[in-house]
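Q: Residues per chain are reported as follows:
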Amino acid sequence: MLFIPLQLNAMDLSLTEYKLKAALIYRLIMFVDWPEQAQQTVTGSFGICVLGDDPFGTALDALQQRKARQYAIKIYRYSQSDSITNECQVVFISASKQAFQATILRVLKKFPILTIGETEDFAQQGGMIQFATGEKRINFIINPVSAEAVGLKIASPLLDLSTVIDTGFRTE
Amino acid sequence: MNSGTYLLTKLSLVKKIHLTKLGYRVCLLTLGSCLILPASWATSRDGGGGGDSFLDLPLEDLLSVEVTSVSRKKQPLSEAAAAVFVISQEDIRRSGVTSIPEALRMAPGIQVARINAQTWAITSRGFNGLFANKLLVLIDGRSVYTPTYAGVYWDVQDTLLEDVERIEVIRGPGATLWGANAVNGVINIITRASADTQNGFIKLAAGNEEKAIAGFRYGAELGDQTQGRLYLKYADHDSFVVNNTEIDAGDDWTSAQAGFRLDGQLSAQHSWTLQGDVYQNDENQRVAILWLDPATNPPPYQENNMPSQADASGWNLLGRWSHQSSAESSMSLQLYLDHTERNQIYLTQVYDIVDIDFQHQLKLGTSNELIWGLGMRRIDDEFDNSFAVSINPDHQSNTVYSAFIQDEISLDPDILSLILGSKFEHNDYTGSEVQPSVRALWLPAQGHSTWVAVSRAVRTPSRIEDDGRIVTVIIPPTPTVVSLEGINAFESEELLAYELGYRLQASSNLSWDLAAFYNDYKNLQSYESGEFGNKVQASTHGIELALDWRPIEWWRLQTSYSYINISAQIDADSTDTISVQLQENNVPDQQLSLRSTMDISQRWKLDVWAYYVDELPVTSISALQSSQLVEDYTSLNIRLAWEPVSNLEISLVGQNLLDATHLEFIGESFIPQTLVERSVYGQLRLKF
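Protein sequence lines, in the order shown, are assigned to chains S and U.
One point on numbering: in the numbering used here, the residue at position 48 of the first sequence is 101, and numbering is uninterrupted.
One point on numbering: in the numbering used here, the residue at position 58 of the second sequence is 726, and numbering is uninterrupted.
So that you can see chain S by itself, here it is in the shape it has in the complex (with noise of 0.2 Å):
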């Protein structure tokens, strides 16, 4: 990966956590490919789905002026996984679905989805991509087999980026 800095203008700018996580969101989804049939939903446009509690506040709507790739984004809410069916492309899961967590990667592994969430055990337990706050900063965990294991495709540049697992989905 190349990256060369061309012009620094030292700024400042106050960001909260949401507003940084969903300007994550936005740019990480431009690493990830999804299959063919499955990239954009039937009213085509590219759909990033909360489920449970959503600590986004109004960061994520923003998302909505924009496109990732051709494909208008649509925001949508979730408050049970089993509604989840066909309108998302992403799907951010809430730290209020903590206790149901394993059950629901569960059900999300049999769509083309690519799940997302901010809990300790996240990717261990098979999620795609975990934020992960350090001691200062946010950074991905990414589980890459899992993202895989449903046809997605994440891009070496932003595994580059992240710290990589590899626990996948055991069958159990």
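To be clear, the hints were calculated from the coordinates, so they are not data collected in a lab.
Treat the numbers as computed from the prediction; the structure is a model and nothing was measured.
A couple of the hints might just be wrong.
Said to hold, decoys possible - Covered by chain S, according to a simulated footprint, are these stretches of chain U (three or more residues, beta-carbon under 8 Å):
| no. | segment |
| --- | --- |
| 1 | 1182 to 1193 |
| 2 | 1259 to 1272 |
Said to hold, decoys possible - Quick list of simulated restraints, FRET-style, between CB atoms:
| no. | chain 1 | residue 1 | chain 2 | residue 2 | range |
| --- | --- | --- | --- | --- | --- |
| 3 | U | I1083 | S | S209 | 39 to 47 Å |
| 4 | U | S1294 | S | S136 | 55 to 63 Å |
| 5 | U | F884 | S | R190 | 48 to 56 Å |
Idealized CB from N, CA, C, for every residue including glycine.
Using the hints, position chain U against chain S.
A: Frame of chain S, contents of chain U only:
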């Protein structure tokens, strides 16, 4: 409780992320395509609302942003060494409550009783009454108890409920960090940061008892480093009914309130907040007995069942500045002004309070975390007396100086901590007061935490106990005026509390929280032949249990149970004939609350809340004299909500459904015995 709720000790948390370098033009080679950011990024950063420019930041930059917290102590709930229960915004919304006092019923160890449409008796761990005085209540760090009787006027403690982030209910002495009057508990109402309440919100509700409720809020970004909101709220409450009759209790009331909040970040280390509210309540009150001056009135020198108009109004302004000088040290300075007026037929009271508070938190070495602080509060009051109730002198200025220090010593990192602290106060009634506390916290294994605490707390005298006069009866023919008078020698009430608690995260979907206490009280308020005295001793003990269980993904059950036993005695030289029976019987022996919240489908939610309150044999002097007890009751509340489209919620709420009317508490003689009525309302909430 198992999703990492955070407890804040004293100040609200501000977690901001500071980005210091922007404006890269970057070329990222990925899968053969090159993402070049617009060079105009530097100029597209607009001052008007910020918009979505944060989405233009490249991935590398986002990952190098430093996350800094400008905050006071922030600990996961499971690690707090006290009996804490957090009522979240979701709990408030889904319980269907329309006021803060009603929301407090969800917490164990808190006794809430509605005396009439506009008055509540609320306490923690015993000693309830209209003038309950052992609870400290704070709204965003501003103390709201009235120095008139050291209690709270609940009808004016309000805000837009959707803006409440959470209510922390801490039972037991919170003396060390909060000061005098936090004897049996602290209730910390924390509102949401402006960044979390952006854009518009409207709510409208109408019903039989809640005749009308309207709320409006709008939040916006004001530049890149500041967010703000403002809100308006109006409520019209219907009257209830007088006990044993069909007569209207004449206690209907309206309240109107408006306020604002601004939060800003000057840099990664500095943040500030400014907020204020203004309110006006108009209340109808029926006074059961108003005693009149025999010098100018004919016998029997009283008015009965008099309808009267009361009003209460006020405004407040609070500012806070926080500075995180390093990973080891942070400090904050808070200043607030609080003006309240209350005009009732038997007394008018005006208060002006100025409070300054400074706190410094620092890590000393690897195992000591120290917090210390200084504070000063100046209270100016003014009363307009009546014959029935008077305070002399009718205006006065009191100043309270306080300092506190607390050290959390990590004896075995992440396993055993010892917390030692004390608060020192000087007030104009009793001089110096010292309130030390020792706590230990032990985390024996993953998911288990135990704590023990021994603390001393005091409840300092109020204006009425020191300088008041309340006429209790006038006996013809002389006539003899019998009254209850304050004495300058009134002492502080004292508590020595021994507490113990245990929290268990039994599995990923079940958690328990158990607290037990033994409290030893000295110098409690007594009535000594027409004067206030301090000749009651008491000891109480009890347990509180809270359970949180999610049997399946879309169903959550929360239970809380409280048990208390109170035993009181008067001193050998006391002439009090009432207090023992009163203090042993004004809280229920047991309380149980069960809440079920179900997300029955993507669009429908059904919430059911049932709570049981044991009987109250004696709730006030007037209840004792009329031998009237308050029977035990069960309240059933149901809420059904429908979200037809994502920003709109329509709900129907039924409260106290099991009985058309029921009695919860009998107040003092001047309030008629009033029954709480069954209530139903429909509500619309819209975000835009």
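Q: A separate judgement is required for each hint: does it hold in the structure or not?
A: Hint check:
no., hint, result
1, 1182 to 1193, "violated (count 0)"
2, 1259 to 1272, "holds (count 3)"
3, U:I1083 <-> S:S209: 39 to 47 Å, "holds (42 Å)"
4, U:S1294 <-> S:S136: 55 to 63 Å, "holds (57 Å)"
5, U:F884 <-> S:R190: 48 to 56 Å, "violated (39 Å)"
In the structure shown, a violation is registered for the earlier hints numbered 1, 5, in ascending order.
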